[in-house]
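Visitor: Use these hints to put chain L onto chain W, whose structure you have.
For the record, the sequence lines run as chains W and L.
As numbered in our numbering, residues 96 to 398 make up the first sequence, in order.
As numbered in our numbering, residues 96 to 398 make up the second sequence, in order.
Certain hints may be false.
[To be verified] Heads up, incomplete: computed chain W residues facing chain L, CB under 8 Å, no partners named: (1) Pro225; (2) Ala228; (3) Gly229; (4) Arg230; (5) Pro236; (6) Gly255; (7) Arg267; (8) Asn269; (9) Asn283.
Rather than coming from a laboratory, the hints here were simulated on the basis of the structure.
For clarity, every value in this text was computed on a predicted model and none was experimentally measured.
We treat Cβ as the ideally placed atom computed from N, Cα and C, and that holds for glycine.
Listed here are the chains, written in short residue letters.
2 protein chains.
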Amino acid sequence: MSTSPSNGKIIDGKIIATALKARVAAEVARLKAEHGLTPGLAVVLVGNDPASEVYVRNKGIATVEAGMNSFEYRLPGTASQDEVLAKVRELNADPAVHGFLVQFPVPDQISQQAVIDAIDPNKDADGLHPLNAGRLASGLPAMVPATPEGCVIMAKLAGGDLSGKHAVVIGRSNLVGKPVAQLLLKENCTVTIAHSRSHDLPGLARQADILVAAVGRPNMVRGDWVKPGAIVIDVGINRVPAPEKGEGKTRLVGDVAFDEAVKVAGAITPVPGGVGLMTVACLMRNTVIAACRQNGIALPKDF
Amino acid sequence: MSTSPSNGKIIDGKIIATALKARVAAEVARLKAEHGLTPGLAVVLVGNDPASEVYVRNKGIATVEAGMNSFEYRLPGTASQDEVLAKVRELNADPAVHGFLVQFPVPDQISQQAVIDAIDPNKDADGLHPLNAGRLASGLPAMVPATPEGCVIMAKLAGGDLSGKHAVVIGRSNLVGKPVAQLLLKENCTVTIAHSRSHDLPGLARQADILVAAVGRPNMVRGDWVKPGAIVIDVGINRVPAPEKGEGKTRLVGDVAFDEAVKVAGAITPVPGGVGLMTVACLMRNTVIAACRQNGIALPKDF
Chain W
96 MSTSPSNGKI
106 IDGKIIATAL
116 KARVAAEVAR
126 LKAEHGLTPG
136 LAVVLVGNDP
146 ASEVYVRNKG
156 IATVEAGMNS
166 FEYRLPGTAS
176 QDEVLAKVRE
186 LNADPAVHGF
196 LVQFPVPDQI
206 SQQAVIDAID
216 PNKDADGLHP
226 LNAGRLASGL
236 PAMVPATPEG
246 CVIMAKLAGG
256 DLSGKHAVVI
266 GRSNLVGKPV
276 AQLLLKENCT
286 VTIAHSRSHD
296 LPGLARQADI
306 LVAAVGRPNM
316 VRGDWVKPGA
326 IVIDVGINRV
336 PAPEKGEGKT
346 RLVGDVAFDE
356 AVKVAGAITP
366 VPGGVGLMTV
376 ACLMRNTVIA
386 ACRQNGIALP
396 KDF
Chain L
96 MSTSPSNGKI
106 IDGKIIATAL
116 KARVAAEVAR
126 LKAEHGLTPG
136 LAVVLVGNDP
146 ASEVYVRNKG
156 IATVEAGMNS
166 FEYRLPGTAS
176 QDEVLAKVRE
186 LNADPAVHGF
196 LVQFPVPDQI
206 SQQAVIDAID
216 PNKDADGLHP
226 LNAGRLASGL
236 PAMVPATPEG
246 CVIMAKLAGG
256 DLSGKHAVVI
266 GRSNLVGKPV
276 AQLLLKENCT
286 VTIAHSRSHD
296 LPGLARQADI
306 LVAAVGRPNM
316 VRGDWVKPGA
326 IVIDVGINRV
336 PAPEKGEGKT
346 RLVGDVAFDE
356 AVKVAGAITP
366 VPGGVGLMTV
376 ACLMRNTVIA
386 ACRQNGIALP
396 KDF
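Isolated chain W, as found in the complex (with noise of 0.2 Å):
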C-alpha cells in the first residue's frame, strides 16, 4: 500500500483505511476471477447492545461493498455458552466463512475466553486465540487482530521504515498493547512496553520515537510527554462530556491530548478520524489473508 498518509501532520484514517479497502476490493475480484472464491467474513451477535449492533451494521456494509460475502448470525442476550459454542463450530465447519469473529462484549453468562478458544486459529479474524498471539510472537504466519495491524500501518506510512527506531507502547491488553508491541519488534524498532504500574511515564514516553497510547484514559498524554518529531498513535475512544455543545453531550476524544501534542510531534493520529478507520479495513484483510491460507492461494507481497 502507498498513499499519502498524512494532511501535514495529521495521519488521515479516512484516507489511509479507504486506500486498504480499495486493496482488499481489488484483491477479492481477483480471487473471484482467478479463482472462483468469494471470501467470507460472519459476525455473530449475541443480544442487543446498541454500540456493538452499529459497529455490526458498519462491517456488514464494508464487507460487501469489498465484493465479499457477508454473514450476520444474532443471538438472544439470554443464550447460553453451549449455544454461542455450537455456532462457532457451526462456522468453523462452515467453507463459506472464512473468517468470523463474536462480538464483545458478550453477556455474563458466557466465557469471553471459552469463546475465543473454541475458534478455529485459521479462521480466527480478531487474531484473540492464544495460538495466534503465539504464532505472532513467534514470528510464524498468524491471524493478527485488526486494530494493532491499523496502527502498524499508520505508523509505517507516517514514518516509512521503523527499523531501529524506539517504539514506546503504553498499555498491554491482549487486545490492543501486547501484540502491537510484537508488530512493531517484527519491524525491528526497539519496544518499551509501559503500563499503569511503570515509573515515570512521561519520561518513558518522551524517548519514543513511535509513541502508542492504547490504555482508555482520555488526554493521559500531554502533549510534554511526546519527543519532538515522534510519531504518536492514539488507540484511545473516550467518550467525555461536551457541555459546549449543550446540556448532557458528549465527544470523543483520545488517550493524547491532541492540542498540545500535535504541536509537538511530527505526525498523529486524530481521534476520531484516526485508528478507529483502520479497524474495519483491516478486519477484511485478514478475511481475504484467511481465505487465501485456506485455498493455498499465494497472496501479493505488498498486500
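Guide: Same frame as chain W, but now just chain L:
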C-alpha cells in the same frame, strides 16, 4: 521458594537451583503419597550430538533424583521427520509421560517447527509450542520455557517485588528473549526489548533496573552499560579460547563482561554457575506442573 539468593553480589545458580530441585522433590513425594501420581519426563534425542548427550544425561539424573519417572528415547541421526513425529504422537498419548521434549538441534532433514507444532501443548515441557507462547502472552496458564523462568526466579530472589521496575532484555529469540520479556511484564515491570537493530544499546541498557543479556556474544555488555545497583541476569553461554589454560583450551563466558559489571551491579549471575544451572530445575518443575494440571490437582501457591 525462599532462599538466600546471593553470596554477596553474586546470584548463585547452584544454591537456587538446588533449593528449587528440593522443592520439586518434596512436591513429587506429596503427589505420590496423596494422589498415587508419579510425574514423568521424557526426552527424545535424535542422533548423538555430544553436547546434547551430556545435557540429556544430566536431565535424566536430576529427574530420577527428584523421584520422578525419566524416559529416554533415541532415534538415529538418519531418522526421518515422520519417524520423529510418530514418536511425538506416541508420547502425546502415553499417560505415564506428563512432559517431554525433543532435544534440539535436530538433524537437517527434520523441521524443528514441525516437531514443536506436533507436541501436545499440555505436555510441552520446554514451552515452545506457539499455543504456550500465546497463552503466556495472553496471561493464561501456560507451559513456560525453562531458561526464561529460571531468569525471573533469580531476578525475584535478588530484587524482591519487581513491580514498576524497568527491565531491559537484550535479545529477542523465541527461546529466551521474548518469553523473558513476557514473564517480566507479568511481574509488572516496564519492559524494553532491545536487539541487534537497536540504536544506542549501551544507553538503553543503562536504564535497566533489571538487565537481561541473551544474545550469545561473549562479553558484549560492558561495565559502563550497567546502572549502579542493577540486577544483571546473564543468559549467554559462550565458549572462547583460553590460552592461559594451555594451547587449544577454552572456557565459558557469558554475554556480560563479568569482571567489569560485578563492580557496578547490585547483583549479578555468573557464567558458569548462574542461569545455566536453573534450566534443568525449571524443566522438572514444569513437568510437575503439567502432571498436576493433567490430573486436576492443585499446586501449592508458592510452587
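Visitor: Against the structure, test the hints numbered earlier, and report the numbers of the ones violated in rising order.
Guide: 5 and 6
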